[in-house]
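Q: Chains A and B, in that order, give the protein sequences.
Everything in the first sequence is counted per our numbering, starting at 29 for the first residue and increasing by one.
Everything in the second sequence is counted per our numbering, starting at 34 for the first residue and increasing by one.
Honestly, the hints are just simulated from the structure, not real lab data.
Computed from a prediction, not measured in an experiment: that's the story for all the values here.
Each hint should be verified, as a subset may be incorrect.
[Stated by the list, open to error] In silico contact screen, one side only, chain B against chain A (beta carbon under 7 Å); selected entries: (1) Lys-37; (2) Ile-40; (3) Asp-41; (4) Phe-364; (5) Lys-536.
Cβ atoms here follow ideal geometry from the backbone N, Cα and C, with glycine treated the same way.
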Amino acid sequence: MQGKSIYHQSQKQLLSENDIVEAAKKDPKQFEALYTKYYEQIFRYIHQRMDDREMAFDITSQVFLKAMINLPKYKYKGVPFSSWLYRIAMSEVYQSFKDKKSTRTVNVDTSNVEDIIDEVEQDNTGEMRQALIEVIGDLPEIELQIIEMRYFEKRSYREIGDILGMTENNAKVKAYRIVEKLKKSFSMRKSYNYEKEN
Amino acid sequence: MKKKINIDRDPINGEEITSRMNFNQLLSNFPGYIKLPFYKTGWFITTVASVAVLVTVTAILFSNNNTKEIIVSASPPITTESIITYNEDTPCINPPIKKLDIQSDSYYCENEVGGEFTHSSGSTIVVPKDAFVDNNGNSLNGEIELRYREFHDPIDFILSGIPMTYDSAGTEYTFESAGMIEIYGYQNGQPVELAHGKPIRIEMHPKDGSSRFNLYELDTSSGAWEYKGKTELVSEDMDESIGAPSVTSQNSNEDVISAIMKTKEAIEVTKTELAIAKKEVIEHKKTQPPKPKSSINKDRQFDLDVDPKEFPELKNYSSLTFEVDADDRNFSADVYEIEWEDISLSEKEKGKSYYLTLFKGSAKRTFSVFPIFEGTDYKKAMEEFNQNFSTYEKELGQRISQEKKIKEKYERQMKLYESELALEKKRQADFEKNQAAYFAQVKQDQKNILGINIVARAFEVTQFGTWNCDSPVSKPSGAKVNASFADNVGVNLGLHNVNLIEKNKNAVFTYDESQFNNFKFNPEEENTIVAFTANNNIAIIKPIYFKDMPKEKKHQFEMEIIDVKSMTVTNVKEKLNL
Numbered sequence: 029m030q031g032k033s034i035y036h037q038s039q040k041q042l043l044s045e046n047d048i049v050e051a052a053k054k055d056p057k058q059f060e061a062l063y064t065k066y067y068e069q070i071f072r073y074i075h076q077r078m079d080d081r082e083m084a085f086d087i088t089s090q091v092f093l094k095a096m097i098n099l100p101k102y103k104y105k106g107v108p109f110s111s112w113l114y115r116i117a118m119s120e121v122y123q124s125f126k127d128k129k130s131t132r133t134v135n136v137d138t139s140n141v142e143d144i145i146d147e148v149e150q151d152n153t154g155e156m157r158q159a160l161i162e163v164i165g166d167l168p169e170i171e172l173q174i175i176e177m178r179y180f181e182k183r184s185y186r187e188i189g190d191i192l193g194m195t196e197n198n199a200k201v202k203a204y205r206i207v208e209k210l211k212k213s214f215s216m217r218k219s220y221n222y223e224k225e226n
Numbered sequence: 034m035k036k037k038i039n040i041d042r043d044p045i046n047g048e049e050i051t052s053r054m055n056f057n058q059l060l061s062n063f064p065g066y067i068k069l070p071f072y073k074t075g076w077f078i079t080t081v082a083s084v085a086v087l088v089t090v091t092a093i094l095f096s097n098n099n100t101k102e103i104i105v106s107a108s109p110p111i112t113t114e115s116i117i118t119y120n121e122d123t124p125c126i127n128p129p130i131k132k133l134d135i136q137s138d139s140y141y142c143e144n145e146v147g148g149e150f151t152h153s154s155g156s157t158i159v160v161p162k163d164a165f166v167d168n169n170g171n172s173l174n175g176e177i178e179l180r181y182r183e184f185h186d187p188i189d190f191i192l193s194g195i196p197m198t199y200d201s202a203g204t205e206y207t208f209e210s211a212g213m214i215e216i217y218g219y220q221n222g223q224p225v226e227l228a229h230g231k232p233i234r235i236e237m238h239p240k241d242g243s244s245r246f247n248l249y250e251l252d253t254s255s256g257a258w259e260y261k262g263k264t265e266l267v268s269e270d271m272d273e274s275i276g277a278p279s280v281t282s283q284n285s286n287e288d289v290i291s292a293i294m295k296t297k298e299a300i301e302v303t304k305t306e307l308a309i310a311k312k313e314v315i316e317h318k319k320t321q322p323p324k325p326k327s328s329i330n331k332d333r334q335f336d337l338d339v340d341p342k343e344f345p346e347l348k349n350y351s352s353l354t355f356e357v358d359a360d361d362r363n364f365s366a367d368v369y370e371i372e373w374e375d376i377s378l379s380e381k382e383k384g385k386s387y388y389l390t391l392f393k394g395s396a397k398r399t400f401s402v403f404p405i406f407e408g409t410d411y412k413k414a415m416e417e418f419n420q421n422f423s424t425y426e427k428e429l430g431q432r433i434s435q436e437k438k439i440k441e442k443y444e445r446q447m448k449l450y451e452s453e454l455a456l457e458k459k460r461q462a463d464f465e466k467n468q469a470a471y472f473a474q475v476k477q478d479q480k481n482i483l484g485i486n487i488v489a490r491a492f493e494v495t496q497f498g499t500w501n502c503d504s505p506v507s508k509p510s511g512a513k514v515n516a517s518f519a520d521n522v523g524v525n526l527g528l529h530n531v532n533l534i535e536k537n538k539n540a541v542f543t544y545d546e547s548q549f550n551n552f553k554f555n556p557e558e559e560n561t562i563v564a565f566t567a568n569n570n571i572a573i574i575k576p577i578y579f580k581d582m583p584k585e586k587k588h589q590f591e592m593e594i595i596d597v598k599s600m601t602v603t604n605v606k607e608k609l610n611l
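All chains, full assembly: derive it from the sequences and hints.
A: Dropping the structure here:
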C-alpha cells in the first residue's frame, strides 16, 4: 500500500487519539487533527476501488463530513479511529457503485500478483499472472475485498478484521479459504487445459 | 457487480493527495457549524465587556446617590447541537428492482406506554414502555413510528436483496429461513435507537416449527450475519424453548485452521531457510581451491613478475610461469619472435586461470593461461592447496549437513501440514453428517414423539436492523453443469447472478457469474431458477425444464422472460407459482 500506514498504535497512542475524538465531539474544529492524520489513507482506500480520481476525492470529503456529523455516535472500542472511518468509506464507496456514480475497479499491481502466485503455489509466468488477475476479478465482493486488503494494500489481519467487522482470526480463516479456492481453481484450469491439449 | 480491472495504474503521490485537503471547506459544510458574526467573536466580546465594565463603574461612581439596577440579558450559547443523524448506508442490501422491494408497514406507539401490534402476517410485535432513546441515549417522549417488514419465502428474500449466505468459520452456507424481519424506529422522521435492556419481542407464525432455526442479526457494514442465539418455540401445551445446537459452536474450527496456518507459515520460513542453505552450498562449491599444476608444454610458456598487490593469491611464489591452455587457438609459436612492448594479466578464475595480453602498437594478442609451479614453488603450492582444500571440504560438509537438516525439517512440516489438512476435511465432513442426522432426529421427535403443536416462534430484538430465524444449509449437490443463461431465442442474457430455489427448502442458493461453470443442483428436487435481466425483468427456469434437461457437462439454460414493469410483489409470486 502506498502511503505510510498508521494503523498499529500503542495503547497510549490510541487513548490519546480518543482524547482528540472526545474533544472533537464538543468542538468540530478539533476534528482537524484526525482529518489531517487520516485523509491520505482514506483517499487511497477509496481510490484503490475506483477509476475516477476526482470522484475518489469527492467521496473522501463525504466520508469525513459524515464522520464529523456522526461523531457523537462514535464509541471507542480500543481500535484506531481509522477503522470507523474505513467502515464509513466502505459504505460510501458501495453507495457510489449502487448509484452508478462510479465503477467498481480492481487496481492490480503486478508485483503484488506475484505474491499471490507464490501463495497459490503456481509458476510465475505471464500467462499465470493474467489468469490470476481474471480469477481475482471474478471473486465475490467480500473475497475480493480481503484479497485487496491483504495482498494489494498489505494490511494486517487485525486491521482487515476491524474494517470488515470480523475477528482477526476470522479474517485469517477467510483469507486462507480464498487462497485454497484459488488453488483449486488453478488446478481445475490446469487439468482442463491438459485434457484440451490431449 | 460489473468490475473494471486496471493493471499497474500510475501511482498518485502523497503531495497531490494532501494538496486536496481542505478542512475549512469541510467545516463550512458541517451542518452544526456556524461561523460566528464579528460581534460574537472573542475579541469583540472581550473589548465590549471591558468598555461595559468601565462604563458601569463610571456610572456607579457618578450616580452614587441614584443607584440603578443593571439587567444583563445573556445571549444563547452557540452550540453544535443541530447535528443531523446519519443512518449508515447498507450496501449489502440491494433490492434488484426497487419498485418490487418488500414494503414496510408503520406502527405508532407512545414511548411512555409501549404497545402490542399484530402484523398482517399474524405476527405480534410487543414494545415495552420507554423502549426508545435518541442517538445520545436520552429517553424520548411522545409518538414513535415503527417501520416493520417481514420476509417469508424465497421471492421475498430475492426481491428484498438481503444477503442470505452465512459464513461459519470460513465455510459459506446458505440460510434456510423460518422467517426474517426488518424493524426501524423513527420520531419526526429522525431515526431513534432501542434503549439498553428494552428489547422488542417478535412472535411470528411459524411456517416450519422445527427447532433447528437459530437467530441471526445482519451487520449491514460487513454484510455478515451474526449468530444471536436460539429462537423460542411457543407451543400450545408448553411454553419453553427448544434449542437447536449452534452451528457456530459445533463448527468452531477456527483454532484448527489457525493451527494449519501456523504450520503453513512455519513451512514458508523453512522453505526460505532451505533455499538459503542450497545457495550457500552452490556458492561454497565455487570457492574450491584450484590444484596447482606443473609444467606440461614448455613451448607455450611465459615467465612473468606478478604484482602481489594485484594478485594476492600468487604472492607466495618467487617467480611465476604461465602456460597457455592447450586448446587456445590464438596461440602460435611466432609470438616469441615479436618484441612486445607491454603485457597485462587479468583474472579469469581466481588462482586457476588468467588472461594474458601482449601489446605492440595497436596490435595485441590475448591467451588463456594458467600458472604452473616448479621445484620448491610447486611443493609450496601443493602444501597450501592441501591445507585450503581440507578447510574447503570441511566447510562444504558442514553446509551440506545443514541443508540436509533443513530439508528433513521441511519434509516433517509438510507431512504435518498434509495430515492437519486431511483431518480438517474429515472433521468438516463428519460435522455436516452429524448435523444433518441431528436435525432429522429433532424434527422426528418433535412431530411424532412429543406431539408438540408449535404456535409461534419468538425472539427479542435488542437493536434495530434485520433479524432472521435460520438454519444454515450447504449448497445443493447431485448434478453439476457449466451453465450459461440465454433467452428463449438463445441470446445470452449476460446475467451477473442467478438464484436457485428448491421447492422443499425455504432458501435461495445464489450463484454469481464466477460460479456458473460449477452450477450445482439436486436433480431429485423441484428446482426453479430466478434471475434479473439488465432491463429489470425477471428471467425464470421452471421445474419442468429440469425434468427434460439432457445430462451434459455444458448447458445453456433457455429462460422465460417475464415483464414485471406493471407487476406487484403479489403478481410476481402468482406468476412464479413457487
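Q: Against each hint, give a clear statement of whether it holds in the structure.
A: Hints and how they fare:
1. Lys-37: 5 Å, holds
2. Ile-40: 5 Å, holds
3. Asp-41: With a closest approach of 6 Å, the Asp-41/B hint holds.
4. Phe-364: 46 Å, violated
5. Lys-536: Since the shortest Cβ distance to chain A is 26 Å, the answer is violated.
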